[in-house]
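Number of protein chains: 2
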Amino acid sequence: MSVTTPGGFVAAGTHCGIKDTGATDLALVATSDAQPVTAAAVFTSNLATAAPVQVSRQHLDVSGGRAAAVVLNSGNANAATGESGRDDAERMCALVAAELGCQAHEVLVCSTGLIGIPLPMAVIEGGIPSLVGARAPDAGADAAEAIRTTDTVRKEVVVEADGFTVGGMAKGAAMLAPNMATMLAVLTTDAAAEPDVLRAALRIAVDASFNALSVDGCTSTNDTVIVLANGRAGAADPARLGDALAEACTSLASQMAEDAEGATKVARVRVTGATSAEEAKRAARKVAESQLVKCSLFGADPYWGRIVSELGTAGVAFDPDRVEITYGDVVVCAKGIAVAYDADAVRVHLEGRRIELHADLGLGNGEGTILTNDLTPAYIDENMRTS
Amino acid sequence: MSVTTPGGFVAAGTHCGIKDTGATDLALVATSDAQPVTAAAVFTSNLATAAPVQVSRQHLDVSGGRAAAVVLNSGNANAATGESGRDDAERMCALVAAELGCQAHEVLVCSTGLIGIPLPMAVIEGGIPSLVGARAPDAGADAAEAIRTTDTVRKEVVVEADGFTVGGMAKGAAMLAPNMATMLAVLTTDAAAEPDVLRAALRIAVDASFNALSVDGCTSTNDTVIVLANGRAGAADPARLGDALAEACTSLASQMAEDAEGATKVARVRVTGATSAEEAKRAARKVAESQLVKCSLFGADPYWGRIVSELGTAGVAFDPDRVEITYGDVVVCAKGIAVAYDADAVRVHLEGRRIELHADLGLGNGEGTILTNDLTPAYIDENMRTS
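If you read the sequences in order, they're chains A and B.
Under this note's numbering, the residues of the first sequence are numbered 1 to 387, in order.
Under this note's numbering, the residues of the second sequence are numbered 1 to 387, in order.
The set of hints was computed from the structure by calculation and includes no laboratory data.
Remember, predicted model here, so these are calculated numbers, not experimental data.
Yeah, the Cβ is synthetic: ideal placement off N, Cα and C, and Gly gets one too.
It is possible that part of the hints are untrue.
Claimed, not checked - Cβ pair distances, simulated, as ranges:
| id | chain 1 | residue 1 | chain 2 | residue 2 | range |
| --- | --- | --- | --- | --- | --- |
| 1 | B | PRO238 | A | GLU367 | 47 to 55 Å |
| 2 | A | THR275 | B | SER45 | 12 to 20 Å |
| 3 | A | ALA122 | B | GLU278 | 42 to 50 Å |
| 4 | A | ASN365 | B | SER45 | 21 to 29 Å |
| 5 | A | ARG385 | B | PRO238 | 45 to 53 Å |
| 6 | A | ASP20 | B | MET1 | 51 to 59 Å |
| 7 | B | ALA345 | A | GLY126 | 29 to 37 Å |
| 8 | A | ASP20 | B | LYS335 | 27 to 35 Å |
| 9 | A | ASP319 | B | THR152 | 31 to 39 Å |
| 10 | A | GLU367 | B | PRO195 | 40 to 48 Å |
What the hints assert, rightly or not - On the chain A side, residues computed to face chain B include the following (Cβ under 10 Å):
| id | residue |
| --- | --- |
| 11 | ILE117 |
| 12 | LEU297 |
| 13 | PHE298 |
| 14 | ALA314 |
| 15 | LYS335 |
| 16 | GLY336 |
| 17 | TYR379 |
The task is simple: from the sequences and hints, build the whole structure.
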């Protein structure tokens, strides 16, 4: 199961030398015949946009939503690298295009790793011919492996839909937040779709999955989700294509949450009873990103007062006398005050790996969910030094 | 130097039994003659407003900005306690008023501690007579001591202005963020001021001090800053009074940053070159509250890429090709890209206890500063369990 499971796609992953550990650091996903197919992408909302994001966005504009390949590197984000960073990203595309025999603007590019350091172009230039030469239908796992940074496992998905298939790979374990994260994902499908339809379906899928995940509230400079649709399986019903993309993205997002840096728990924060779905999601995000709530999750501490306090500062309609808080299926606070509850049941739930936090605001019908993690000393340890 | 340094004020701090450690947990600041004087307050922006905040706000409304005393307890926030919580807060005021011989609505009340637990009113009722009986002009330190929760030190201040004096005490070591924090402060002055003037001066002082401090981005349910002005020293120039209050608040806020839970460093994040002062402060806050930036501070790691990335998601005008980042007085990033710099000088600065981070956006004249701390395993340890 991989990004090459839908027919007509090849992939590769190699070590060119960006990482000094010897781990693979260069990846490719391409159409088997190097011909461009329909492509769409969603990029980071961060205004400090990395060079590869700028270049990929421009290539999709020039090609009118078509691409033949995606080249990705890990170990260096090519962000905050100015004009020469953009030249480097362009050059990565041109080198891959030359090897594949397509146009440079038919190649998209993604980078992930440290910010502010120029790409080591000599090793990348040296590595691209063997990367492209290694492309094969059964090398999807190699590509998924080569985009890992602090990820402890590869992240891959296949969704078999009615008449077509979606494959995908992703990386991401921190800096995960609103509107994407240091996360890259490449999806493929053999369904046929016009660029507009594909773009709309991807945007919805991303909002329902990656944008409902917040590991640490930090949004990266490099976030990119790309989908290539080669049409081999014929036209797909747009709604079904959307559903399949959403299912694939949700699986990849969930794999990221499971692999979040230093985390011991995955928590689903669900808010209901808000005055709108947007307010519900905003409130869920405020709780999910609270340092104090995340400390309580780590400690398996049923201190619901912090949840009420965060809801009160979420910038949404809120009545402290109506809120109800539930851990798992045990109500601990109703009408804004403590209720007697089964402390053992709550303790057992909080000591598990998967926590369900539910806050009902009692005001309307808006619902929203954010997936998050606990804050742990291991997260600090992993992020306190980059060198 | 204490909240009773200005003439005409008394204070007390006693143990009534809210805390089972035996530490003092009940405090009083009052006018010497129990007569009401001009009073003003700033309260939390959290919509999950604690009962004492609701009661104090109402008392100031009823009295037209006058108060004779403030009663404070630590060890229990009396928040998320519903109608009976409001009754308890009212009763604290009524009991103090009866002992002092003033009106209940001339007493203000503050609580700090855990959320969601009813106040132990029996011990508080038992403690109030001896609290009020212990009031004395030289007991300011006792009051400052009795409002501590996780604070490791008392926080007090005296500002001698031209012709009048401001005294103050505060508590707060976590949940410190935008628009106040689990922080309480009581200020006194012998200057004379009308309620409107006092309120306006306090609002400005709070914005420049407590609201420019963010330990963990969490805003509490109980934040309160109260000032009592008894007029013994005669009328003060409003601007001078404002300056003196701001100086007192800034000192107390700085004492909080120095005592922040688990922190090893105090960082001043200064943003200049924004399109407005408001955007500068918002950008500084985004950087100051970033989990990843705070991890880097703990690790003394000069990874400025995270700062650029946070600025790009701060919701302010930003051009990645213009930003300049400085640690101490060493520029590490100019025009958005890395520059060669004295790594030893940066290392020495980052390994110190006080860090200066400066980001110039290169767009306008807006400036803003936020004080923050590093994120440490000790912070997690202190906050992972409440019982």
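Structure-based check of all given hints:
In this structure the supplied range 47 to 55 Å holds for PRO238 (chain B) paired with GLU367 (chain A), their Cβ-Cβ distance being about 50 Å. In this structure, THR275 (chain A) and SER45 (chain B) meet the distance hint of 12 to 20 Å, their C-beta atoms being roughly 19 Å apart. For ALA122 (chain A) paired with GLU278 (chain B), a C-beta distance near 46 Å keeps the hint of 42 to 50 Å intact. Separated by about 26 Å at the C-beta atoms, ASN365 (chain A) and SER45 (chain B) satisfy the suggested range of 21 to 29 Å.
Range check, ARG385 (chain A) to PRO238 (chain B): about 50 Å between beta-carbon atoms, so the 45 to 53 Å window is met. Between ASP20 (chain A) and MET1 (chain B) the C-beta distance comes to about 56 Å, which sits within the given range of 51 to 59 Å. Between ALA345 (chain B) and GLY126 (chain A) the Cβ separation comes to about 36 Å, which falls inside the hinted range of 29 to 37 Å. Between ASP20 (chain A) and LYS335 (chain B) the beta carbons are some 28 Å apart, a value that agrees with the proposed interval 27 to 35 Å.
The hint said 31 to 39 Å for the Cβ distance between ASP319 (chain A) and THR152 (chain B), and at roughly 37 Å that hint holds. For the pair GLU367 (chain A) and PRO195 (chain B), the beta carbons lie near 45 Å from each other, so the given range of 40 to 48 Å is met. At a threshold of 10 Å, the smallest CB-CB gap from ILE117 (chain A) to chain B is about 7 Å, leaving the interface hint in force. For the restraint placing LEU297 (chain A) at the interface with chain B, the shortest Cβ-Cβ distance is roughly 9 Å, inside the 10 Å limit, so the hint holds.
About 5 Å separates the beta-carbon of PHE298 (chain A) from the nearest beta-carbon of chain B, less than 10 Å, and the hint is met. Taking 10 Å as the C-beta contact cut-off toward chain B, the hint placing ALA314 (chain A) at the interface holds, the least distance being around 9 Å. Annotation: LYS335 (chain A) was flagged as interfacial toward chain B, and the flag holds, the nearest CB pair being 7 Å apart, inside 10 Å. The closest approach between the C-beta of GLY336 (chain A) and any C-beta of chain B is roughly 6 Å, which is under the 10 Å cut-off, so the hint is satisfied.
Annotation: interface hint on TYR379 (chain A) holds; nearest CB of chain B at approximately 8 Å, less than 10 Å.
In summary, the structure agrees with every hint in the numbered list given earlier.
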